[in-house]
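K.L.:
Protein chains in written order, with the numbering used here: chain B, 1 to 171; chain Y, 1 to 126.
Simulated from the structure, these hints should not be mistaken for lab results. Ideal Cβ placement from N, Cα and C applies to all residues, glycine included. Treat the hints loosely; a few may be bogus.
Claimed, not checked - Covered stretches of chain B (in silico footprint by chain Y; criterion: 3 or more residues with CB under 8 Å from a CB of chain Y, positions within the stretch not fixed):
1) 18-25
2) 39-46
3) 109-119
4) 123-131
To be verified - Below, simulated SDA-like cross-link-like pairs (lysine to any residue); rule was C-alpha separation at most 20 Å, straight line:
5) K14(B) to F28(Y)
6) K14(B) to L20(Y)
7) K14(B) to D25(Y)
8) K31(Y) to G18(B)
9) K13(Y) to L122(B)
10) K17(B) to D92(Y)
11) K14(B) to T18(Y)
12) K48(B) to Y66(Y)
13) K108(B) to S14(Y)
14) K163(B) to P21(Y)
15) K113(B) to Q121(Y)
16) K30(Y) to D8(B)
17) K159(B) to F9(Y)
18) K19(Y) to S132(B)
19) K15(Y) to K7(B)
20) K17(B) to N76(Y)
21) K30(Y) to W49(B)
22) K113(B) to L20(Y)
23) K7(B) to Y36(Y)
24) K19(Y) to A110(B)
25) K14(B) to F32(Y)
26) K13(Y) to R124(B)
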Amino acid sequence: MQETKIKDFQDQYKSLKGPFMRYATALLKDSALAEEIVHEAFLSAYSKWDTFQQKSKRSTWLWSILRNACLQHFRRSEFKYESVSEDSLENTPSSDEGAEMKLIQMSKEAVVKEALGLLTPLQREVVELRMSGLSMEEMSEILNTPSSTVKSHLHRAKKHLIKTLQGETNE
Amino acid sequence: MSKNKNNFFEELKSKSETKLPEGFDERFWKKFDEQYTDKKSFLLIRRFQLWGLPLFAVFLFSIWFYQKPNEYHAINDTLNMQAELSDISEDDFEMALNLETLEAIDLDEDIYPSDIDEWKQLLGGV
Chain B
1 MQETKIKDFQ DQYKSLKGPF MRYATALLKD SALAEEIVHE AFLSAYSKWD
51 TFQQKSKRST WLWSILRNAC LQHFRRSEFK YESVSEDSLE NTPSSDEGAE
101 MKLIQMSKEA VVKEALGLLT PLQREVVELR MSGLSMEEMS EILNTPSSTV
151 KSHLHRAKKH LIKTLQGETN E
Chain Y
1 MSKNKNNFFE ELKSKSETKL PEGFDERFWK KFDEQYTDKK SFLLIRRFQL
51 WGLPLFAVFL FSIWFYQKPN EYHAINDTLN MQAELSDISE DDFEMALNLE
101 TLEAIDLDED IYPSDIDEWK QLLGGV
């Protein structure tokens, strides 16, 4: 029983440690702090392992724990989560999907990272979750937000990214 | 359309991939061991709970089981002792009877006096 628990935990740890670090680093903008929070989230998850009610996927449950750990850190440090207003970024009309992908392929890694850094924390969050392969329903559950709102954030984030990348590649 | 959307984010991910800091795993498992005790010893405790406790229960049962005949012997001993005590009582009773006889003999001292004058008187002044 105990051995199964440890094995399950190790499997989840192996598959999620990378995406968790990406997500936490994106939100906290500090690699060392992100590592601390990710470790804290995994340890907390292990202590609550048996309380998981299997209403959702185990990974979704773990994502929620990580998100709460990040938000707790923000509360402790009195960091203003929504520090960047979405209104400060102009909306651009949506362009062709293939062209968007080509745009990213053309862009250098540093440029893409910079573009991601310009998103609002919430937009960055949905993008990171999406990049980790989570579905709309899972994201909705983790963010405790309706699926339509998540879609809206994702759509706006995408437009901002394309706009930033277009600006960078034109320069 | 949906596939393209996924490709968009996959492409984005590949362009912004971040490596885990060096020693990330070691630091985590060290914290894990500190917080939840050493995993191996933890497993040993769990194994003891699974196997050790039932074995200990069997051990206690076996002690109790072998103790039972001893209790039986003890009862027998008690019975024997009671029998012996009753024998001793009987001896005492006999002894008491003997004592009474002895006392009776003592009482007969008047009939068989040891003093010579008394003997003479008894024999008719010889």
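K.L.:
Does each hint hold? Answer for all of them.
P.N.:
Cross-check of the supplied hints:
1. 18-25: holds (count 4)
2. 39-46: Check passed, 4 qualifying residues.
3. 109-119: With 4 residues closer than 8 Å to chain Y, the region 109-119 of chain B meets the three-residue bar; holds.
4. 123-131: holds (count 3)
5. K14(B) to F28(Y): With Cα atoms ~12 Å apart, K14(B) and F28(Y) stay inside 20 Å; holds.
6. K14(B) to L20(Y): holds (12 Å)
7. K14(B) to D25(Y): holds (9 Å)
8. K31(Y) to G18(B): holds (18 Å)
9. K13(Y) to L122(B): holds (17 Å)
10. K17(B) to D92(Y): violated (94 Å)
11. K14(B) to T18(Y): holds (15 Å)
12. K48(B) to Y66(Y): violated (46 Å)
13. K108(B) to S14(Y): holds (11 Å)
14. K163(B) to P21(Y): Not satisfied, since the Cα-Cα distance of roughly 31 Å exceeds 20 Å.
15. K113(B) to Q121(Y): Roughly 151 Å between the alpha carbons, so the hint for K113(B) and Q121(Y) is violated.
16. K30(Y) to D8(B): Holds, at roughly 18 Å.
17. K159(B) to F9(Y): holds (13 Å)
18. K19(Y) to S132(B): holds (14 Å)
19. K15(Y) to K7(B): Violated: K15(Y) and K7(B) sit about 32 Å apart, past 20 Å.
20. K17(B) to N76(Y): Violated, at roughly 73 Å.
21. K30(Y) to W49(B): OK: K30(Y) and W49(B) at ~19 Å, within 20 Å.
22. K113(B) to L20(Y): holds (16 Å)
23. K7(B) to Y36(Y): With Cα atoms ~15 Å apart, K7(B) and Y36(Y) stay inside 20 Å; holds.
24. K19(Y) to A110(B): holds (14 Å)
25. K14(B) to F32(Y): Holds, at roughly 14 Å.
26. K13(Y) to R124(B): Holds. K13(Y) to R124(B) sits at ~12 Å (cutoff 20 Å).
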